[in-house]
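Engineer: This is what each chain is made of:
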Amino acid sequence: MGTKTVIPFGPQHPVLPEPMHLDLVIEDEKVIEAIPQIGFIHRGLEKLVSKKDFMQFVLVTERICGICSFGHSLGYSETVEALMGIEVPPRAEYLRVIWHELSRMHSHMLWLGLLADGFGYENLFMQCWRLREDVLDIFEATTGGRVILTACNVGGVEQDIENNELAGIVVTLDKMRAEYGELLRTFLKDRSVKSRLVGVGYLSKEDSVAAATVGPFARASGIDEDIRSYGFGAYGALADFQPIVSTKGDGYARCEVRGLEVLQAIDIIKELVDKMPDGEINQKVKGVPAEGVEVVSRLEQPRGECFYFAKGNGTKFLERFRIRTPTSQNIAGMVQTLQGCDLADVPLNVLTIDPCISCTER
Amino acid sequence: MTQTEKPQVFKDIEHAQLRKQVESYHGRGWRFVNISGTTVEEGVELLYSFSDGLPLENLRFTINTETALPSVSDLYPNCFFFENETHDLFGVQFTGISIDFDGEFYKVAVPTPMNPHSAAAKASASGKPAADKRAADASVVDTPVADEPAEGEESSDKKSSKKKGA
Numbered sequence: 001m002g003t004k005t006v007i008p009f010g011p012q013h014p015v016l017p018e019p020m021h022l023d024l025v026i027e028d029e030k031v032i033e034a035i036p037q038i039g040f041i042h043r044g045l046e047k048l049v050s051k052k053d054f055m056q057f058v059l060v061t062e063r064i065c066g067i068c069s070f071g072h073s074l075g076y077s078e079t080v081e082a083l084m085g086i087e088v089p090p091r092a093e094y095l096r097v098i099w100h101e102l103s104r105m106h107s108h109m110l111w112l113g114l115l116a117d118g119f120g121y122e123n124l125f126m127q128c129w130r131l132r133e134d135v136l137d138i139f140e141a142t143t144g145g146r147v148i149l150t151a152c153n154v155g156g157v158e159q160d161i162e163n164n165e166l167a168g169i170v171v172t173l174d175k176m177r178a179e180y181g182e183l184l185r186t187f188l189k190d191r192s193v194k195s196r197l198v199g200v201g202y203l204s205k206e207d208s209v210a211a212a213t214v215g216p217f218a219r220a221s222g223i224d225e226d227i228r229s230y231g232f233g234a235y236g237a238l239a240d241f242q243p244i245v246s247t248k249g250d251g252y253a254r255c256e257v258r259g260l261e262v263l264q265a266i267d268i269i270k271e272l273v274d275k276m277p278d279g280e281i282n283q284k285v286k287g288v289p290a291e292g293v294e295v296v297s298r299l300e301q302p303r304g305e306c307f308y309f310a311k312g313n314g315t316k317f318l319e320r321f322r323i324r325t326p327t328s329q330n331i332a333g334m335v336q337t338l339q340g341c342d343l344a345d346v347p348l349n350v351l352t353i354d355p356c357i358s359c360t361e362r
Numbered sequence: 363m364t365q366t367e368k369p370q371v372f373k374d375i376e377h378a379q380l381r382k383q384v385e386s387y388h389g390r391g392w393r394f395v396n397i398s399g400t401t402v403e404e405g406v407e408l409l410y411s412f413s414d415g416l417p418l419e420n421l422r423f424t425i426n427t428e429t430a431l432p433s434v435s436d437l438y439p440n441c442f443f444f445e446n447e448t449h450d451l452f453g454v455q456f457t458g459i460s461i462d463f464d465g466e467f468y469k470v471a472v473p474t475p476m477n478p479h480s481a482a483a484k485a486s487a488s489g490k491p492a493a494d495k496r497a498a499d500a501s502v503v504d505t506p507v508a509d510e511p512a513e514g515e516e517s518s519d520k521k522s523s524k525k526k527g528a
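Sequence lines, in order, name chains R and W. Here the working numbering is used: the first residue of the first sequence is 1, the next is one more, and so on. Here the working numbering is used: the first residue of the second sequence is 363, the next is one more, and so on.
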């Protein structure tokens, strides 16, 4: 039996775009315990509800994270709408889901690129990010922004997408599908990629349930849960939504689930474009959130279930707004995947949960 | 078109019932979702949320910052995150957290920034040392930066990493 050694991992590390620290207790190159620490970039954004009124605060939520930017504005808007009993026009619901699924595509493609970079496949990394630019171009064409879209607000959306423009988006996505298929084949079939992912960072379904993991991380361990399947918003208009699930539970399965969810997002967008209703895109907001009224809501962000809580106080400022992001749910599961793994596999293992520390600390 | 969760289920409980209620959810296989705090006149209103797929239920109760709550991180491992966060931002005391950061989970400029009425915040404002060691640590953040530790003396960062078992 070897000597136990503690190796600090992070907060600055090549695979970590954001700061997170792990104390790795290792023995003979095997990790026997990992103690996580975050808290380096807490910004106190939730407290800003006392400074920004409930209509302005949507702009703050967009800035929680550069990757899930649209998702946070959507989750916030849906929560406040439930708080105030606002019915959003159907066309706005459809447009919201289209932008949200485009966000999922660019988030997953960004992650696939980072994963390729993590295991040293530079060309694959660059191809993923090159293709992701097409999604950002769609954002720019439809909203004027590439990262912060300012497209969603309480009551609906800020701007419409004309039907001919929607048809153009479908053409772009069809072109992307062919190119993306080649990249995905490399991720799922290439021998060198598989050698870095198959069997690495295994988390059983039982352990995943116990750790209450969410999103692609949970679905890669066989948990059949996706908030989109509950039919909130325009997701209820989809003919047949089935979550993408794998039972392998390793890094390869996480790559497979996210990889296939990009194709699923394209299908969702195409279906909603086909079914797009005409009409208004915004409902005028009257009054303020009533005192003492509380609402919880959930949204399937690219990284998993995001939980929102809002409480009104009879003024234009919310009493409380809370976001619980997917990464905070997945940290305990990540720590479990690290126990027993090789020290050399730690960076990839951390990467496979797709951690977002900006969201987590807010 | 359903926009969000319906029905909204909030169950009011006493804080002393928390552990039993959480054990009940755990025993029935429900998933832990969140702990959320809101500052109210009587202290902090906490919301513990659990889900079993679509059904989502929330336990709601109020606790003052002098009373300690039992941790449920032995039942739901990821609770350690939320319990440390609730301690650092609201001043709520927990006992038995699986990974206890001892008030150093978030680097905050003032003690319990989401709850100006907590014992730690009041102690900091009055300049008196707080009874809670974790609060005391937080209350020194506003003081001028200390000089390098003297020879043979450890910095507070080193001490805290030992506390975590590293």
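Warning: the hint list may mix true and false statements.
[To be verified] If we take Cβ atoms under 8 Å as the criterion, some of the chain R residues that face chain W in the derived model are:
hint, residue
1, F9
2, R43
3, G44
4, Q127
5, R130
6, A212
7, E280
8, G287
9, E291
10, E294
11, V295
12, V296
13, F307
14, F309
15, F317
[What the hints assert, rightly or not] 20 Å max Cα-Cα, derived SDA-like pairs, lysine to any residue:
hint, chain 1, residue 1, chain 2, residue 2
16, R, K52, W, T401
17, R, K47, W, V470
18, W, K469, R, I35
19, R, K51, W, P478
20, R, K52, W, W392
21, R, K284, R, F317
22, R, K316, R, K30
23, R, K205, W, T401
24, R, K316, W, T400
25, R, K47, W, V402
26, R, K30, R, F317
27, W, K368, R, P347
28, W, K368, R, K51
Read the hints as simulated data drawn from the structure, not as lab findings. Every residue, glycine too, gets a C-beta built ideally from N, C-alpha and C.
Engineer: Please go over all the hints and tell whether each is borne out by the structure.
Structural biologist: Here's how the hints hold up against the structure:
Annotation: interface hint on F9 of chain R violated; nearest CB of chain W at approximately 11 Å, more than 8 Å. Taken as an interface hint, R43 of chain R does not check out: its beta carbon lies about 10 Å from the nearest beta carbon of chain W, beyond 8 Å. Because the smallest distance between the Cβ of G44 of chain R and any Cβ of chain W comes to about 6 Å, under 8 Å, the interface hint for this residue holds. Interface hint at Q127 of chain R: violated, since its Cβ lies 35 Å from the closest Cβ of chain W, which is beyond the 8 Å cut-off.
Among the interface hints, the one on R130 of chain R is violated; its C-beta lies about 36 Å from the nearest C-beta in chain W, farther than the 8 Å criterion. With a least beta-carbon distance of about 5 Å to chain W, the hint placing A212 of chain R at the interface is held under the 8 Å criterion. Taken as an interface hint, E280 of chain R does not check out: its beta carbon lies about 14 Å from the nearest beta carbon of chain W, beyond 8 Å. Annotation: G287 of chain R was flagged as interfacial toward chain W, and the flag is violated, the nearest CB pair being 18 Å apart, outside 8 Å.
Given hint, E291 of chain R at the interface with chain W, is violated; its Cβ is 12 Å from that chain's nearest Cβ, farther than 8 Å. Interface restraint check: E294 of chain R against chain W, minimum CB-CB distance 7 Å, threshold 8 Å, status holds. Using the Cβ-Cβ criterion of 8 Å, the hint placing V295 of chain R at the interface with chain W is satisfied: the shortest such distance is roughly 6 Å. Contact between V296 of chain R and chain W, as hinted, is supported at the beta carbon level, the nearest pair being about 6 Å apart and thus within 8 Å.
Annotation: interface hint on F307 of chain R holds; nearest CB of chain W at approximately 5 Å, less than 8 Å. Taking 8 Å as the C-beta contact cut-off toward chain W, the hint placing F309 of chain R at the interface holds, the least distance being around 5 Å. Proximity of F317 of chain R to chain W is violated relative to the hint, the smallest CB-CB distance being about 13 Å (cut-off 8 Å). With a CA separation close to 18 Å, the supplied pair K52 of chain R and T401 of chain W stays within the 20 Å bound.
Taking the CA atoms of K47 of chain R and V470 of chain W, the gap is near 13 Å; set against the 20 Å cutoff, the hint holds. For the given pair, K469 of chain W sits about 18 Å from I35 of chain R by alpha-carbon distance, which is consistent with the 20 Å threshold. For the proposed pair K51 of chain R and P478 of chain W, the alpha carbon gap of about 16 Å is at most 20 Å, so the pair holds. Simply put, K52 of chain R and W392 of chain W have alpha-carbon atoms about 36 Å apart, too far for the 20 Å limit, and the pair is violated.
Between the alpha carbons of K284 of chain R and F317 of chain R the distance comes to roughly 18 Å, so the proposed pair stays at or under 20 Å and holds. For the suggested pair K316 of chain R and K30 of chain R, the alpha carbons sit about 54 Å apart, so the restraint of at most 20 Å is broken. Annotation: proposed proximity of K205 of chain R to T401 of chain W is violated, straight-line Cα distance about 37 Å (limit 20 Å). Between the alpha carbons of K316 of chain R and T400 of chain W the distance comes to roughly 17 Å, so the proposed pair stays at or under 20 Å and holds.
Between the alpha carbons of K47 of chain R and V402 of chain W the distance comes to roughly 14 Å, so the proposed pair stays at or under 20 Å and holds. At roughly 51 Å between alpha-carbon atoms, K30 of chain R and F317 of chain R are farther apart than 20 Å, so this suggested pair is violated. Using a Cα cut-off of 20 Å, the hinted pair K368 of chain W and P347 of chain R is violated, with the two alpha carbons roughly 40 Å apart. With a C-alpha separation of about 30 Å, the suggested pairing of K368 of chain W with K51 of chain R is violated against the 20 Å cut-off.
Violated hints, in rising order: 1, 2, 4, 5, 7, 8, 9, 15, 20, 22, 23, 26, 27, 28; the structure is consistent with all others.
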